Amino acid sequence: MNDIDIQRRSFLKTSLGAAAVAIAPGMLLIDVAHGKPQTVNGPKSANSKVRWGMLINTTQCKSGCNDCVTACNRENGLSGDTKPTDSQWIRKIELKDDSSGRDLSLPMMCQHCEYPPCVDVCPTTASFKRADGIVLVDKHRCIGCRYCMMACPYKARSFVHEPLHDQKPDVPRGKGTVEACTLCVHRVDQGLKPACSEACLNKAILFGDLNDPESEISRKIRSVASVQVRADLRLNPGIRYQGL
Amino acid sequence: MPTLSSLRFKNRLYYVLLAAGGLVALAGLYAVHLMEHHGHIITGMNNQIVWGVPHVFAIFLIVAASGVLNVASIGSVFGKAIYKARAPLASLLSIAMLAGGLSVLMLDLGRPDRIIVAATNYNPTSMFAWNIVLYSGMFSLVFVYLWTMMEQRMNRWTKPVGFAVFAWRFILTTGTGLIFAFLTARQAYGSALLPPMFIVLSFAWGLAVFHVVQTVIYAWNEKTLDPAILQRKKNLLGVFVIGSLYMVATYHLTNLYFAHQAGFERFILLEGGVYPRLFWWGYVLFGSLLPLLLIFSPGLEKTKYVMAASLLVILGSFALLYVFIIGGQAYPLNIFPGYQVSSSFGDGQIATYHPSLYEFLLGFGGLAIAFIITTVSVRVLNFMPQDKPYISD
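Top line first, the protein sequences correspond to chains A and B. Here the numbering used here is used: position 122 in the first sequence is 870, and no number is missing along the way. Here the numbering used here is used: position 231 in the second sequence is 1424, and no number is missing along the way.
FYI, nobody ran anything at the bench for these hints, they're computed from the structure. Mixed in with the good hints there might be a few duds.
[Unchecked claim] Here's a subset of chain B near chain A, in silico, CB distances under 8 Å, partners left out:
#1 1303
#2 1304
#3 1318
#4 1329
#5 1379
#6 1534
#7 1536
#8 1537
#9 1538
Every value quoted in this text rests on a predicted model; they were computed, and no experiment measured them. Glycine included, each C-beta is placed from N, C-alpha and C at the ideal position.
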């Protein structure tokens, strides 16, 4: 073996060692970033046995009342402004039946479809549906193309047009990305109800597990007539409306 | 024979034009910088009109980039000599416009810095993701096509690669149409007619761009195009303009037949203010009927009339795209059929849109990129069509 070969070997050895030293802390950090192991009392990961949904009783929803909207804005750190460029995760819609003239008022937000068009069209898979049916946007993966906003039949999504300040630690948002109602996923994972449901004094927003036949929402859906908005599109939204 | 001073003047003029193109492209980049810094708040786009003027420019450039290759296909696939001589220039224009259009589309993203995310996370159900593949594939394929044409040893591959380009651009424009055709809930879109409509539109727009560039190159080189060739090519443009009108009319007529679409059609064709005006005056009258008059009237065989017709077709295409993209979003989404609705989020109302200067700067920046690629390429490589004495085939 000549000198050059030996030199080459020692060079390769040193390089490998240096590479290992450089990469190892990164690998450890990836483990850390993957998050805490599940604990008995801590948040549980999403489970496909559960399908979160809501039943909104429009007969209990008062025209002019904005409590659900205010609670959503406070919980998620939205400004509450209503310029065309401001985010609105939930909005109150006033309806008048064309033929009968009957007046209605209801809250509208992401309908958390079983077959969400926003997830279908997203080029980067930033729009995704959790195992428990909650439709979310990965703010690190969204490139801000707004194709999901074009595809959503409920106009449920907003684009962040301006730099953001004083964000809530539990609710990541980002300028240049698309966002929508998260069904207060950070509260749901702690066993709490979404903020809008909790804030409604008229108990018009019933939140629960659609897959559990014994849950209050499932029993109610079996006993009263309720519909999904634009049911003709067959997207099977997780939000249902009573009295529409 | 050009004199030395006239050549010097031309040389200077070339650099002035190139610098002007560069300045426009820089202005576009400056607009992007401002949009990055302040957010899309400085544009006219909002949560109701989510795609605006940049998308009008981008889609024009991408659709025309596909259509201009028609000139090449008629040569390579169907073996027509006068088109074969023009295939290299058509391919160059395709690459240039695709580059310009994609730049606009990419730089309008909320997070253009994350373009690598789009390249590494691929959603097979997304038409956008498919288009990323179709666009990059088109780039590579047209490059190879140009290489087979310009390198003599590769000439025997021109025909098969020409076939591949022919197929690819059909799929690409289908993909562009499908971006809209897959939006089932929107009244303006969600129609299977859109992909073939975009293909026919691409023929007209691509050929119009080709005519403009060819006329300028011939004038610059002080050459005249054989009148027989001019005649054939302008007639082809006329046929494509008629085809486009037919597709657009069919799209609106099918909508008019569906009772639930009547409101949308009344808005876009009659009562929607700027949109019907742009449609009837911009697209139908100035963008289609007037060019047809210039093309088919006897006695108007001169180059300048063909040039005017081509420029009008291009202007008409911008009018049509503005109506299609922005007018289509301005009409409210019908979330509760059978109800009158109102809300703080524009439900039941016609959305307003006032495009800002930055959007136009970005759009013109895209045109400038296409211009720079074309002017530099025609100077350093030989893209001048080389016609043999004209024989009708």
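Checked hints:
no., hint, result
1, 1303, "2 Å, holds"
2, 1304, "5 Å, holds"
3, 1318, "5 Å, holds"
4, 1329, "13 Å, violated"
5, 1379, "7 Å, holds"
6, 1534, "5 Å, holds"
7, 1536, "4 Å, holds"
8, 1537, "4 Å, holds"
9, 1538, "4 Å, holds"
Violated hint for the displayed structure: number 4, the only one.
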